[in-house]
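Novice: Residues per chain are reported as follows:
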Amino acid sequence: MRGVTLALALILGALAAGPAAASEETIVAGLSQNRIGISANFDGSEIIVYGAVHRDAPAPEGALDVIVTVEGPSGPVTVRRKERRFGLWINTESVKISAAPAFYAIATTAPLSEILSETDNLRHRISIPRAIRAVGIGEETPQFTDALIRIRGRTGAYLLEEGAVDLAGETLFRADFILPANLTEGLFDVRIFLLRAGVVVDSLETQIDVRKEGLERILYRLAYDLPLVYGVLALVLAAFAGWAANAAFRILRS
Amino acid sequence: MQLYLPIAEVSINAFLLLGLGGIVGLLSGIFGVGGGFLITPLLMFIGIPPAVAVATGANQVVASSVSGVLSQMRRKGVDFRMGIVLLGGGIVGAAAGIWVFDVLRRAGQVDLLVQLSYVIFLGLIGALMFQESLRAIRRTKKGEGPRRAHQHLIVHRLPLKMKFRASGLYISVIPPVAVGASVGFLAAVMGVGGGFIMVPAMIYLLGMPTRVVIGTSLFQIIFVSAFSTVMHAYTSQSVDILLALVLIIGGVIGAQIGTTIGARLKAEQLRILLALLVLAVSFKIALDLLLEPSELYSLVPGVLP
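Which chain is which? The protein sequence lines are A and B, in order.
Numbered as in our numbering, the first sequence ends at 254 without a single skipped number.
Numbered as in our numbering, the second sequence ends at 1305 without a single skipped number.
Only chain A is shown next, with the shape it has when bound in the complex (with noise of 0.2 Å):
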């Protein structure tokens, strides 16, 4: 949080100090870290999205708000829907959708409808329905990718906080977001857009690196690289300890 604080006293100092050149409101940002390593005690993570507007001229007219989005990896995935057959219910249709984010958190400063215009978000594919149907597929499949965002949205993978941005003096803006313990290793994309009247002024994208570390690491690269290496270790170990447990078994017995 000291960091935080530190930081943010930072870039007002780099702001007071800039040079006076361009007229438009642009953005200035950070995150509380740009890694997160998933070790094996790894219960989830907090990163903090900090920043300020950066202008020359007087504030415009017109309401000033900030978006924030964070994006996982994005993968294939395979809905399913299930049917009464002969008594039974059984996966009938599937619909594949070719990418979509395995997580995605917007944080807002107001209401996303009042605040972002239809257009703007279709340019930048903003809102939870836009970021997955803009990678893949059509408008045909609608109950296929509500079930998908309904899904994740339980689990927590999707999630939408209205009103989760702090905005002060209409200069600083913080955003904190937790991720959950099921991540999935790959480039996170965080994006912070800058609206005024419900368009869309300045943008900002940045990453955070989120790996596996240490034993983690070395587990999930032995099971792809060598996987009949680590088939027969998975055995030994599991033999071994069969044997343990036996031997410790009787001398505790006897």
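Treat the hints loosely; a few may be bogus.
Claimed, not checked - Pairwise CB distance ranges (calculated):
id : chain 1 : residue 1 : chain 2 : residue 2 : range
1  : B       : 1209      : A       : 180       : 48 to 56 Å
2  : A       : 221       : B       : 1019      : 25 to 33 Å
3  : A       : 228       : B       : 1293      : 34 to 42 Å
4  : A       : 96        : B       : 1280      : 35 to 43 Å
5  : A       : 94        : B       : 1162      : 47 to 55 Å
6  : B       : 1075      : A       : 37        : 44 to 52 Å
7  : B       : 1102      : A       : 180       : 28 to 36 Å
8  : B       : 1178      : A       : 85        : 30 to 38 Å
9  : B       : 1178      : A       : 75        : 41 to 49 Å
10 : B       : 1124      : A       : 221       : 40 to 48 Å
11 : A       : 83        : B       : 1140      : 45 to 53 Å
12 : A       : 248       : B       : 1209      : 23 to 31 Å
13 : A       : 39        : B       : 1261      : 37 to 45 Å
Worth flagging that the hints you see were computed from the coordinates, not collected in a lab.
Heads up, the beta-carbon is just placed ideally off N, CA and C, and yes, glycines get one too.
Could you slot chain B onto chain A? The hints should help.
Specialist: Just chain B now, with coordinates in the frame of chain A:
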């Protein structure tokens, strides 16, 4: 204490996993089943992806079976000759099963196949065992001695006879090979070790004495589940060693306690308990098929072929 699993990519409470392994190990020790038919549904229930649950379950079964076999060996409860004959059939059956599984996976109906075979086989075997053990308990109450296993069944008329001293049998090798093959086939299709089918098949089809059934079944299960662990690790990278290790620690302790309890229970009681357990699992899966699910949609990460 949360534990992040590198292959499953989820974070789960380590004590929950220890307890789960312990319960399954306990049952495995008491009944001589590998526990695959319990551990796999339980892992999926707590949020492990199905593919990882099946493969890691197989790995855990290896450990609990090794531990169980060592205890049974000291009690002279393993008929190695019978185990090897069963295993020979089992490997052939498992290879055929893996092939059929793959064909159905391509057709997109493997879920239904797995669920239906669980319901049918667990239900059938559970009901048969339950009925048999009730009859046996009634007989003992009436004061009659147990029926002699030494009847002249069809197994005594086939050629290629072999002596199975530990089981006290002199029968043809064709029935054990056939039993091994069909159990191996079903085990591969259902993603389990196959102990819950093997145990009753040994008692009722081969006429083996209950004393050697558990040890011999566990002996055979070690190799069937070892085979499928390596297959899964090699083809789909779905074995999570860290998850397996925690389950194993819980499981081996449970299995040791289970073997002690199993040795104190009477054979009829043992069978009726196993029958009830098998029926319960079958009933639960049948309900899933018959009742309308609260969420009609399901997600499968990755594009199916």
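Novice: All hints, please: hold or fail.
Specialist: The hints, checked one at a time:
no.	hint	verdict
1	B:1209 - A:180: 48 to 56 Å	54 Å, holds
2	A:221 - B:1019: 25 to 33 Å	30 Å, holds
3	A:228 - B:1293: 34 to 42 Å	38 Å, holds
4	A:96 - B:1280: 35 to 43 Å	36 Å, holds
5	A:94 - B:1162: 47 to 55 Å	50 Å, holds
6	B:1075 - A:37: 44 to 52 Å	49 Å, holds
7	B:1102 - A:180: 28 to 36 Å	34 Å, holds
8	B:1178 - A:85: 30 to 38 Å	34 Å, holds
9	B:1178 - A:75: 41 to 49 Å	44 Å, holds
10	B:1124 - A:221: 40 to 48 Å	45 Å, holds
11	A:83 - B:1140: 45 to 53 Å	50 Å, holds
12	A:248 - B:1209: 23 to 31 Å	30 Å, holds
13	A:39 - B:1261: 37 to 45 Å	38 Å, holds
When each numbered hint is compared with the structure, no violation occurs for any of them.
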